[in-house]
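Dock the two chains into a complex; use the hints.
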Amino acid sequence: QKEVEQDPGPLSVPEGAIVSLNCTYSNSAFQYFMWYRQYSRKGPELLMYTYSSGNKEDGRFTAQVDKSSKYISLFIRDSQPSDSATYLCAMSASNTDKLIFGTGTRLQVFP
Amino acid sequence: GAGVSQTPSNKVTEKGKYVELRCDPISGHTALYWYRQSLGQGPEFLIYFQGTGAADDSGLPNDRFFAVRPEGSVSTLKIQRTERGDSAVYLCASSLSRDDEAFFGQGTRLTVV
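Protein chains in written order, with the working numbering: chain G, 7 to 117; chain A, 27 to 139.
So that you can see chain A by itself, here it is in the shape it has in the complex (with noise of 0.2 Å):
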């Protein structure tokens, strides 16, 4: 397989909701991106991860958004009180090292009823 694995596919909660979306690098990228796009959008940055910390979360909405990367491989996005406005696709993309070419997972499709 060696592509971005996401799970699950699709995900439909309801409003208020806590929600938690994994995605599985790359065996062996260090670096791991995380992105929402909106319908008829394109992705925006939520968060990158080196390693394990989380070097630039300047892009995460507000703090019911978090993410974990505890042992430098897959991370899981965490969506707290989950609002209409989160309905989106996830999209998950890692890399070998923070300069070289990310790939991207097929993303999580969130829905918040």
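Chain G with its partners taken away, still in its complex shape (with noise of 0.2 Å):
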């Protein structure tokens, strides 16, 4: 069993849709969550960063972390076609433990 499992999709959705994209992890030590979005041919570049359990928002994005089930969620509200991308959740230990990745969900929102 992989530490982080993360369903690759595609994830095709209309402009506009919420988007709910998931993550659930094993090792309990895991302190520290993020999402990366990759834009194909590109490197991830940092979305969200949450520390513990709890909400976070930022614009149209909102992270939610759940450390009694080892879940983890990204909200993208109001979907837009430039939201099309590979979303990566990573996980880590401790802020200067490496980080562990999901595989990665492909997200397509069309017009």
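Heads up, some of the hints might be wrong.
[As the list claims (entries may be wrong)] Partner residues are not named here, just some residues of chain A that face chain G (Cβ under 10 Å, in silico): (1) 74; (2) 98; (3) 133.
[Claimed, not checked] Keeping only pairs whose Cα atoms sit at most 30 Å apart, straight-line, the calculated DSBU-like set for lysine-lysine is: (4) G:76 / A:43; (5) G:73 / G:104; (6) G:62 / G:48; (7) G:76 / G:62; (8) G:76 / G:104; (9) A:41 / A:104; (10) A:37 / G:73; (11) G:8 / A:104; (12) G:104 / A:104; (13) G:48 / A:43; (14) A:43 / A:104; (15) G:62 / G:104; (16) G:8 / G:48; (17) A:104 / A:37; (18) G:8 / G:76; (19) A:37 / G:104; (20) G:8 / G:73; (21) G:48 / A:104; (22) G:48 / G:104; (23) G:76 / G:48.
If you're looking for bench data, these hints aren't it; they were derived computationally from the structure. Just so you know, even glycine gets a beta-carbon here, dropped at the ideal spot from N, CA and C.
Structure, rendered in structure tokens:
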């Protein structure tokens, strides 16, 4: 079993939809949780960063962490075609530890 | 420019050959990371440098892989006796310090034929 599980998709939604992306994990030591966006043939870029449990909102993006269920989510409101990319979750046990990534979920938002 | 720069963008090599992949981090960033991303997978950690020294090389898959950062800036990932299974995108990232946000380069796509 992988430490971090993520549905690879693809997920295809119409413009304006609310998108929900999720990861589960097995290592209870993970404390730092991140979401990266990766466009085709580009490196990942950090979208959201959360420490421990709770919610964090930034514009159209909301990250949620439920440590009791070992489950994290990223919600995208009012999705746009420019949101079409692969979304990677990543986590670590400390802010100086290596990141463990999920496989990524490919999202396509069609006009 | 100011982003993380990786060269070459693409590299095709024959099985058994030696390759070098270069990473130019953001100026002033002391932490540098190498990751490998296989098709349909997330990045996998290879090695982390703090300054000139490899602080964590636990992700290097075997002794065919080696990385250096002799002056604490540019880093080179070296792969000896390449195998087809080494085909992947090799990503480099840098950060101001270990607990700061890491910025990724666009990667080097390595294909071993």
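The hints, checked one at a time:
no., hint, in the structure
1, 74, "holds, 7 Å"
2, 98, "violated, 18 Å"
3, 133, "holds, 6 Å"
4, G:76 / A:43, "violated, 43 Å"
5, G:73 / G:104, "holds, 19 Å"
6, G:62 / G:48, "holds, 26 Å"
7, G:76 / G:62, "holds, 17 Å"
8, G:76 / G:104, "holds, 19 Å"
9, A:41 / A:104, "holds, 14 Å"
10, A:37 / G:73, "violated, 41 Å"
11, G:8 / A:104, "holds, 28 Å"
12, G:104 / A:104, "holds, 21 Å"
13, G:48 / A:43, "holds, 26 Å"
14, A:43 / A:104, "holds, 11 Å"
15, G:62 / G:104, "holds, 22 Å"
16, G:8 / G:48, "holds, 25 Å"
17, A:104 / A:37, "holds, 13 Å"
18, G:8 / G:76, "holds, 13 Å"
19, A:37 / G:104, "holds, 27 Å"
20, G:8 / G:73, "holds, 17 Å"
21, G:48 / A:104, "holds, 22 Å"
22, G:48 / G:104, "holds, 21 Å"
23, G:76 / G:48, "holds, 29 Å"
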